[in-house]
Amino acid sequence: MPDTQALVMTFLTSLKNATARQTAELLRSVISQQRVPYTNQAGALIDAVKAVGEQLIAANPVELAVGNIVRRVLHIIREEDLSLTTAAIGELNLSAVSDDENDDDRDGNTTLSAAAVAAAARSTLRPPSLQTLLEDTPVSAAVPQTSSSGGDSEGKTADKSSRSRKLKHDVIEAVNELIQDIVTCHEQIAEQAVEHIHQNEVILTLGSSRTVSEFLFAAKEKKRSFRVFVAEGAPRYQGHLLAKELVARGLQTTLITDSAVFAMISRVNMVIVGAHAVMANGGVIAPVGMNLVALAAQKHAVPFVVLAGSHKLCPLYPHNPEVLLNELRSPSELLDFGEFSDCMDFGSGSGSPLLHVVNPAFDYVPPKLVSLFITDAGGHNPSYMYRLIADYYSADDLVVQRRAIAGN
Amino acid sequence: MQFDDQGRVNKSKKRAVFNQPEAKNRVELFRHLPQYEHGSQLTDLESKFLELDSMHPAVYKVGVQYLAGDVTGGNARCIAMLRAFQEVINDYSTPPGKTLVRDLTAKISSYVSFLIECRPLSMSMGNAIRFQKSRIAKLPLTLSETEAKAALCNDIDRFINEKIILADKVIVRHAATKVRDGDVLLTYGSSCVVEMILLYAHELGKQFRVVVVDSRPKHEGQALLRRLLAKGLSCTYTHINAVSYIMHEVTRVFLGASSVLSNGTTYSRVGTACVAMVAHAFRVPVLICCEAYKFHERVQLDSICSNELGDSNDIARVPGRPDVNSMDNRTNEKNLQFLNLMYDATPSEYVSMIITDYGMIPPTSVPVIVREYRREYLLI
Chain A
1 MPDTQALVMT FLTSLKNATA RQTAELLRSV ISQQRVPYTN QAGALIDAVK AVGEQLIAAN
61 PVELAVGNIV RRVLHIIREE DLSLTTAAIG ELNLSAVSDD ENDDDRDGNT TLSAAAVAAA
121 ARSTLRPPSL QTLLEDTPVS AAVPQTSSSG GDSEGKTADK SSRSRKLKHD VIEAVNELIQ
181 DIVTCHEQIA EQAVEHIHQN EVILTLGSSR TVSEFLFAAK EKKRSFRVFV AEGAPRYQGH
241 LLAKELVARG LQTTLITDSA VFAMISRVNM VIVGAHAVMA NGGVIAPVGM NLVALAAQKH
301 AVPFVVLAGS HKLCPLYPHN PEVLLNELRS PSELLDFGEF SDCMDFGSGS GSPLLHVVNP
361 AFDYVPPKLV SLFITDAGGH NPSYMYRLIA DYYSADDLVV QRRAIAGN
Chain B
1 MQFDDQGRVN KSKKRAVFNQ PEAKNRVELF RHLPQYEHGS QLTDLESKFL ELDSMHPAVY
61 KVGVQYLAGD VTGGNARCIA MLRAFQEVIN DYSTPPGKTL VRDLTAKISS YVSFLIECRP
121 LSMSMGNAIR FQKSRIAKLP LTLSETEAKA ALCNDIDRFI NEKIILADKV IVRHAATKVR
181 DGDVLLTYGS SCVVEMILLY AHELGKQFRV VVVDSRPKHE GQALLRRLLA KGLSCTYTHI
241 NAVSYIMHEV TRVFLGASSV LSNGTTYSRV GTACVAMVAH AFRVPVLICC EAYKFHERVQ
301 LDSICSNELG DSNDIARVPG RPDVNSMDNR TNEKNLQFLN LMYDATPSEY VSMIITDYGM
361 IPPTSVPVIV REYRREYLLI
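Quick note, the sequences are listed as chains A and B, same order. Position one of the first sequence corresponds to residue 1 (the working numbering), numbered consecutively onward. Position one of the second sequence corresponds to residue 1 (the working numbering), numbered consecutively onward.
Hints are computed from structural coordinates only; laboratory data are not their basis. Treat the hints with care, as some may be off.
[As the list claims (entries may be wrong)] Straight-line Cα separation of at most 30 Å, DSS-like style, residue types lysine-lysine; simulated pairs:
#  : chain 1 : residue 1 : chain 2 : residue 2
1  : B       : Lys48     : B       : Lys169
2  : A       : Lys244    : B       : Lys24
3  : B       : Lys61     : B       : Lys11
4  : A       : Lys244    : A       : Lys220
5  : B       : Lys98     : B       : Lys133
6  : A       : Lys223    : B       : Lys11
7  : B       : Lys178    : A       : Lys299
8  : B       : Lys61     : B       : Lys24
9  : B       : Lys14     : B       : Lys24
10 : A       : Lys222    : B       : Lys334
11 : B       : Lys13     : A       : Lys223
12 : A       : Lys244    : B       : Lys334
13 : B       : Lys133    : B       : Lys48
14 : B       : Lys24     : A       : Lys220
15 : B       : Lys334    : A       : Lys220
[Unchecked claim] Pairwise CB distance ranges (calculated):
#  : chain 1 : residue 1 : chain 2 : residue 2 : range
16 : B       : Asp183    : A       : Phe337    : 43 to 53 Å
17 : B       : Gly69     : A       : Lys368    : 19 to 29 Å
18 : A       : Lys222    : B       : Asn325    : 32 to 42 Å
No experiment lies behind these values; they were computed from the predicted model shown. The beta-carbon is built from N, C-alpha and C at its ideal position, and this holds for glycine as well.
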């Protein structure tokens, strides 16, 4: 455990640039280093992940991708556990059928006895019910010693340890798949570029997003001719970097200021942007200025397309997102402190400064302004995004908090 | 002038007073507008000072001020130009064999084309020039030269006084009635009329806050911010991308205009349309403050058919950001263009009310004012 704690601490200090992939890798090492007891392995893993996840989310709640990955991993653990148990029950049914014929063959078989399966079923995660809450005693003591032979009980313990190893192994494999998905989401989204970009198009984008640039490069590879207007995206000015990349690939690019977006959008065919996070109602948390572009696009009936990998889909519904899911950055990006130092005085009688500078980092775009989401799982309407949550997350994990263990 | 017509461009180049190299990387969509390289123009013009015999020094001074950007804003540019014309008229003497009317009109036209070279005319300046020429044309032939000159200078004084200075006072008085205690007023960029309104309302003792929204590349809002803070107003400063964030606190939006066109479209600093659109989405009333002499009978649907293009280097270079500025040597790259629009057109449905010296009118009444009060350019 001390190793994981050190890993978590270094991760937290670098959380400003944390990506989903790093979170997944961290959780993978937490899982692999976690010792699991013989029974209720999934519960132990989930507790360990929740403990770490709680710290990660609390460190930077605005970085929603971290919370998403924690919840994805928890969902993976539950699913793997469930599939292992159903597989075991399936085997048991088979062995019950063959019981009459091969009574002696059971020694050395890896099938589990009925009692052991019942114990295993109790130990897997079930939705909290009165029965499970009252049954908090460790399950290993409750496993009835059946009138089985010695060979059977040996088989049991051997089976349980192999089952626990199998669970961890399966979970780590699934987390590896998740990491692979995160890394390759750009390619999968870019494959859909040709369906949406035709010839002689004019595309508008704001700021810089790697998904968007890969998307446009893919369309260029397939010989579609189009021009791009890039809005610079003050105060980070990422649009300049995107324009550089696009020009290096041979695309006709024009860089405009954010104030010129309304003026130019009447000549644009499509707006393609990336997102910081996609909320469960289909709303988008995006770099500041995106709401302006979305409103202008709606006024001119220009499709507003958002590209987002599925790891950006957050199961939370946004409440007052401009304030709660936003980050206010330093005023020095807008005003030079040296020039305005005389105005920062705590001047008036009430003692509060006359000048406030507001520099939000994110913007919320409501779902009615978004025409289409393109994810690595295909294109979707904003009203469909809530269904994707059921694929990736479990309802138990929406609030990542360790439940207090009774009788501690 | 149509800039995509090569013949006309060549003709105007021959008449030009100073050299203006065209920009290498021109945006296709704006080929009908002039796009120049801005680096060498000022030094070129300054070096020509002693060669320009036919240019009156006052007009030359105003031209240099426009080119350098020292004088900005519709009212300021118009007043500077008219004062220069006053000096021209005062120093004018009719050459033998010519009539005052024709000769003076020709001289004024040549000065106007010089000013256009320095910086394209704003609509307010265009209206003022038309007024000036009509007054010259209407001079009774019986007047002697001194009397004619005195009458013309008098007309210019009256124009400036009535159409600009007094009009601003009337606008300020009307608009101050729209400011209540506890209001949060948002303004974009720097408009002299809006500044006057805010300061006057503050003097009246109304309690309100101001939000100043600013944008690249000119950061005009910073000058306004400094002046408001000096007078003790409580201000919030932000950039145009954050308008959606701040708009839920705002109760009124006051914007200035370079001109209001006959279909109700407001032609003003680029970014005004974005602010008005967001205000409309949040159901915040938008009030445009504009003197009536800036109204124009032209109509315009979008910001592309007629606009002014500024220096593309202002876009390429971000002051204080060396990581982004490595783009600087790229202005000559074939595929990359920078677009620096100066104006944009705000549709009339985003504007709740226009405050002019003729009163507070809806955007649909602008052609009425243009028609009724412009007949014979009456000085009413």
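A quick look at each hint next to the structure:
| no. | hint | in the structure |
| --- | --- | --- |
| 1 | Lys48/B / Lys169/B | 40 Å, violated |
| 2 | Lys244/A / Lys24/B | 18 Å, holds |
| 3 | Lys61/B / Lys11/B | 25 Å, holds |
| 4 | Lys244/A / Lys220/A | 16 Å, holds |
| 5 | Lys98/B / Lys133/B | 17 Å, holds |
| 6 | Lys223/A / Lys11/B | 42 Å, violated |
| 7 | Lys178/B / Lys299/A | 29 Å, holds |
| 8 | Lys61/B / Lys24/B | 29 Å, holds |
| 9 | Lys14/B / Lys24/B | 20 Å, holds |
| 10 | Lys222/A / Lys334/B | 22 Å, holds |
| 11 | Lys13/B / Lys223/A | 41 Å, violated |
| 12 | Lys244/A / Lys334/B | 12 Å, holds |
| 13 | Lys133/B / Lys48/B | 28 Å, holds |
| 14 | Lys24/B / Lys220/A | 25 Å, holds |
| 15 | Lys334/B / Lys220/A | 17 Å, holds |
| 16 | Asp183/B / Phe337/A: 43 to 53 Å | 29 Å, violated |
| 17 | Gly69/B / Lys368/A: 19 to 29 Å | 42 Å, violated |
| 18 | Lys222/A / Asn325/B: 32 to 42 Å | 34 Å, holds |
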